[in-house]
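**Student:** Residue strings, one per chain:
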Amino acid sequence: MSDNCHHLLDDLSSYLDGEASAALCAEIERHLETCENCRVVVDTMNKTVLLYRDLPQPTLPDDVRTRLYQSLDLEMFMQE
Amino acid sequence: MVNTTKTKSERELIARLKTGDKAAWSECLETHSPNVYALALRLMGSETEAEDVLQETFMNAYKAIGSFEGRSGLGTWLYRITYNASMMRLRRPNKEFVSVEDTMMAEDGRLIPEQLFDWCCLPEQEFETDEVKVRLEQAIQQLPEKYKAVFVLRELEELSTQETADALDLTVGATKVRLHRARLWLRERLSPYFTEMATADVRTEEGV
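So the sequences go chain by chain: S and C.
Here the first sequence stands for residues 109 to 188, numbered as in my numbering.
Here the second sequence stands for residues 15 to 222, numbered as in my numbering.
The hints are simulated quantities; they were obtained by calculation from the structure and are not laboratory data.
A few of these clues could be false.
As the list claims (entries may be wrong) - Which stretches of chain C does chain S cover? Using the computed rule of at least three CB atoms under 8 angstroms from a CB of chain S, they are:
#	segment
1	29 to 39
2	72 to 79
3	129 to 142
4	201 to 215
As the list claims (entries may be wrong) - In silico EDC-like links for lysine to aspartate or glutamate, alpha-carbon gap of 20 angstroms or less:
#	chain 1	residue 1	chain 2	residue 2
5	S	K155	C	E210
6	C	K36	S	E137
7	S	K155	S	E137
8	S	K155	C	E63
9	C	K77	C	E61
10	C	K77	S	E137
11	C	K77	C	E41
12	C	K160	C	D122
By construction, the Cβ of each residue, glycine as well, lies at the ideal position given by its N, Cα and C atoms.
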């Protein structure tokens, strides 16, 4: 990766999140047209984030929930 | 995802929580305990420890609700207590701290990408297996501590940057930097696995 790649690397998340200025977006997009390495980094980072966003949230097991209510003396309020 | 911004009904709930109203506390548990548990599990990496953190979080919240000024939402406040309870446990001197040797990041936290194979071409169904989900969760466990909570709150609990910053007592700028480094780190960590999958696909197609 070149110095120009390193210079733009810190801004890639703002670019992906749509928070980069128009001028910065244009600079990054110009760079991506000619730099295969940075294009791969942008695409695979974006894909990584999307995979995480699709990950199911861990569920709270029923027994853990029951013990939580017990620890706070709230069993009588526990909803089915 | 729990709405972490304050609404009229949340302000009313907080007022009831402050009086020790048990029905209000039950409502609070019902709404927020799944998210507190999810954060604790990802920070601690153990179901037993996550349960301890979950109970401790609501115990601490019960004791501290009187001094909760409501500058952030109730959910954000509970995430903050969860994070603090988790860090207290992780930093106990006798805790067998699983320190991952991090050779990917420079001392200033910068990470220069070295994994440069484009594995995005993999068919979508190959990303949807249980094994991939396990790999993704394992990579979070290996993420350096200072980046883990930011990534989990921002990407998995879907908090805004401001809410994440509030929960972790960081500036918005620091939150963005940490999120970016977490993303780069995870991309770097997962790339060899996906690269192997992608190249294995190519070998199969070519009959090698």
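**Student:** Output the numbers, in ascending order, of every earlier hint that fails for this structure.
**Tutor:** 6, 8, 9 and 10
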